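K.L.:
Could you build the full structure based on these sequences and the hints that come with them?
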Amino acid sequence: MPSIVVDNISFSYGRGDVLSSLSFRAEGSCHISILGSNGSGKSTLVRLIDGLLPLRRGDILVNGISVKDEKSIREIRESIAIIFQDPDSQFVSPVLEEDTAFGPENYEMENIDQIVSRSLSAVSLSDFRKRVPQTLSGGEKERAQIAGALAVNPDIVLLDESFSMLDDDGRKEMDALVGDIWKERLIISITHSADQAINSDRVILLSGGKLIADGSPREVLCSVSLLRKADVRPPFAVRVRESLKERGISIPPVLTTGELKEVLWNFR
Amino acid sequence: MELSLSHASLKRDTFHLSDISISIGAGLTAITGKSGSGKTTLLSLLAGLIRPDEGKLSLDGKEVEGLLPSCGIIFQHPERQLFASTVIEDVSFALRRSGLDRDEIVSRCEKVLSLMDIGKEKWNESPFFLSGGERRRVAAAGVLVTEPSFLFMDEPTVGLDSASYERLYGILDSYRKESRCVVIVTHDQEIAGFADRVIVLDDGRISADCLPSDILSSDIVRLSEALGIERTSDYNKLVSGIEAFCRGRKWN
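Residue numbers (the numbering used here), protein chains in the order written: chain E, 1 to 268; chain H, 1 to 252.
Because the hints were derived from the structure by calculation, they are not lab data.
Here the structure is a predicted model, which is why all the values come from computation and not from measurement.
One or more hints might be untrue.
[To be verified] Calculated lysine-lysine pairs in the BS3-like style (CA-CA distance at most 30 Å, straight line):
#, chain 1, residue 1, chain 2, residue 2
1, H, Lys120, E, Lys229
2, E, Lys210, H, Lys120
3, E, Lys172, E, Lys261
4, E, Lys172, E, Lys68
5, E, Lys229, H, Lys237
6, H, Lys34, E, Lys183
7, H, Lys34, E, Lys229
8, E, Lys172, H, Lys34
9, H, Lys34, E, Lys210
10, E, Lys245, H, Lys237
[To be verified] Sample of chain E residues facing chain H (criterion: CB under 8 Å; computed from the structure):
#, residue
11, Asn38
12, Asp86
13, Gln90
14, Phe91
15, Ser137
16, Ser164
17, Met165
18, Gly215
19, Pro217
20, Asp231
21, Val232
22, Arg233
23, Ser243
24, Leu244
25, Arg247
26, Lys261
[Said to hold, decoys possible] Residues on chain E that point at chain H, a partial pick, calculated with CB under 8 Å:
#, residue
27, Ser37
28, Gly39
29, Gly138
30, Gly139
31, Thr257
32, Glu259
33, Leu264
We put the beta carbon where it would ideally sit given N, CA and C, even for glycine.
P.N.:
Structural data, given as structure tokens:
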């Protein structure tokens, strides 16, 4: 069962702590959103989990292995795939099939050609394997990144503001694809958008490098005061409810636009 | 002040624009469309960053041959526009080259950095050591400080937190009130709904040029339609519409 245990970590780039006494545990097949504003420490956390930054205070265990254990860092990295915000900055090869093969080759996996074919097929890019990655459209580039991650068969997938450059439909398509191909894995999405966190199983809210809420999307995202504290824009339906409240109209708590519509239709 | 692109076409290996003719005046224009539809290319043509293979760009009837005068561009990854060794050097760069006197430069930098919530304690720091959000704000400050007549922004809402989103609304509104010309490329339906006009691109061609509420399918528009209130793409108008909808009724 994939697991990440973040145990009382703090981190600084030299001027104040970016993360401060942060602890949480994530395990099993689930989708967790880590939500926070710019500068809340979200991306730093991703880099610490993957051992890309040196952790000195506290500890992080990935599948039971400490990121501080330099001898085991390769094992940790083999179990994690990260998809960053900008796909262009993540391509490493001039041809898509070589790019997809990059991870398996570095992890000395066998049957690489089969792995590449399977991965590209899973994201409907089989016909694009000889293409230059940079010439793909925005959505195709994101699917190419997913193929590269899929090829290393990770236990844990970290999505760092992934797909935020796509339009709503494109983002929903990628979310569905990710949920489908990694439904047995631990997915952690890093995002500043409360609307994008609605469909996760759990939301962890960060503010100034500290955890200020950890619960279901409904528990965390319907709390305007918590979101304000974290400088996160509430989901659309929650914002409308709050605006109506300011105008003296009270409606029951809602999380999604569908719920809001249903509640408003009950005004007769 | 009218910026016109007439019969502009451009073809490269991976993208193309075909026979684009538009005129853009003061106010906020949003260019939207699917990924790969040519939005960023159109913005680059309007700013004079690239020239069309056919057709021409003109300002008030006079052909523009290079970069559009008094033009500011905030690219999709504004943090990549940073280059100086300190925040203040970066933000003041264009003003120092323009020959403005020191007091005016300091005054404008103070104003724009305050607007962008970059405190004075960070002015002499390297912009490359700031957080991602701060870097984007400093880069935007370096453009806004020039107070351009034409402001072009490519996907300005990507990666913005709550405060930055509200700040962007404020900037767009003030530029609109000052009758400047702002063109944004965006896939964010809410910010497009705030525009005076929306141009939709589809595979390198203009497929619609209309009011935001005529074309967008944001949550705002969909909810106003579902409730049978006035169709709108503007959040504040939606809330007013819902308020009127609820008044005089009881919640069951």
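K.L.:
Evaluate each hint against the coordinates.
P.N.:
Cross-check of the supplied hints:
Proposed proximity of Lys120(H) and Lys229(E) is supported: the alpha carbons are some 24 Å apart, at most 30 Å. Simply put, Lys210(E) and Lys120(H) have alpha-carbon atoms about 25 Å apart, close enough for the 30 Å limit, and the pair holds. Simply put, Lys172(E) and Lys261(E) have alpha-carbon atoms about 20 Å apart, close enough for the 30 Å limit, and the pair holds. Proximity of Lys172(E) to Lys68(E) is assessed by CA-CA distance (about 36 Å); at most 30 Å being required, the pair is judged violated.
Taking the CA atoms of Lys229(E) and Lys237(H), the gap is about 27 Å. The hint holds against a cut of 30 Å. With a C-alpha separation of about 28 Å, the suggested pair Lys34(H) and Lys183(E) falls inside the 30 Å cut-off, and the hint holds. In summary, the hint linking Lys34(H) to Lys229(E) is not supported, as the alpha carbons are separated by about 34 Å, beyond the 30 Å threshold. Among the hinted pairs, Lys172(E) with Lys34(H) is consistent with the structure: their alpha-carbon atoms are about 13 Å apart, no more than 30 Å.
Restraint check for Lys34(H) and Lys210(E): the C-alpha separation of about 37 Å exceeds 30 Å, so the hint is violated. At most 30 Å may separate the alpha-carbon atoms for a hinted pair to count; Lys245(E) and Lys237(H) meet this at roughly 16 Å. Checking Asn38(E) against chain H by beta carbon gives a least distance of about 2 Å; that is within 8 Å, so the hint holds. About 7 Å separates the beta-carbon of Asp86(E) from the nearest beta-carbon of chain H, less than 8 Å, and the hint is met.
A least Cβ separation of about 14 Å between Gln90(E) and chain H goes past the 8 Å threshold, and the interface hint is therefore violated. At about 14 Å, the closest approach between the beta carbon of Phe91(E) and any beta carbon in chain H exceeds 8 Å, and the interface hint on this residue is violated. Using the Cβ-Cβ criterion of 8 Å, the hint placing Ser137(E) at the interface with chain H is satisfied: the shortest such distance is roughly 4 Å. Nearest Cβ of chain H to the Cβ of Ser164(E): about 6 Å, under the 8 Å cut. The hint holds.
Checking Met165(E) against chain H by beta carbon gives a least distance of about 6 Å; that is within 8 Å, so the hint holds. At about 20 Å, the closest approach between the beta carbon of Gly215(E) and any beta carbon in chain H exceeds 8 Å, and the interface hint on this residue is violated. Annotation: Pro217(E) was flagged as interfacial toward chain H, and the flag is violated, the nearest CB pair being 17 Å apart, outside 8 Å. The beta carbon of Asp231(E) is positioned within 8 Å of a beta carbon in chain H (closest approach about 5 Å), and the interface hint is therefore held.
Given the 8 Å rule on beta carbons, the hint for Val232(E) holds: about 6 Å separates it from the nearest Cβ of chain H. Look at Arg233(E): its Cβ gets to within about 4 Å of chain H, closer than 8 Å, so that hint holds up. Taking 8 Å as the C-beta cut-off, the interface hint given for Ser243(E) holds, the closest approach to chain H being about 4 Å. A least Cβ separation of about 6 Å between Leu244(E) and chain H falls short of the 8 Å threshold, and the interface hint therefore holds.
With a least beta-carbon distance of about 5 Å to chain H, the hint placing Arg247(E) at the interface is held under the 8 Å criterion. Hint status for Lys261(E) relative to chain H: holds, with the closest Cβ pair at about 5 Å, below 8 Å. For Ser37(E), the interface hint holds, since its Cβ comes within 8 Å of a Cβ in chain H; the closest pair sits about 3 Å apart. Interface restraint check for Gly39(E): the shortest CB-CB distance to chain H comes to about 4 Å, inside 8 Å, so the restraint holds.
Residue-level restraint check for Gly138(E) holds (minimum Cβ-Cβ distance to chain H is 3 Å; threshold 8 Å). Interface hint status for Gly139(E): upheld, as the beta-carbon distance to the closest one in chain H is roughly 5 Å, under 8 Å. Given hint, Thr257(E) at the interface with chain H, holds; its Cβ is 5 Å from that chain's nearest Cβ, closer than 8 Å. Look at Glu259(E): its Cβ only gets to about 12 Å from chain H, farther than 8 Å, so that hint breaks.
The interface hint given for Leu264(E) holds, since its Cβ lies 6 Å from the closest Cβ of chain H, which is under the 8 Å cut-off.
In summary, the numbered hints that this structure violates are 4, 7, 9, 13, 14, 18, 19 and 32.
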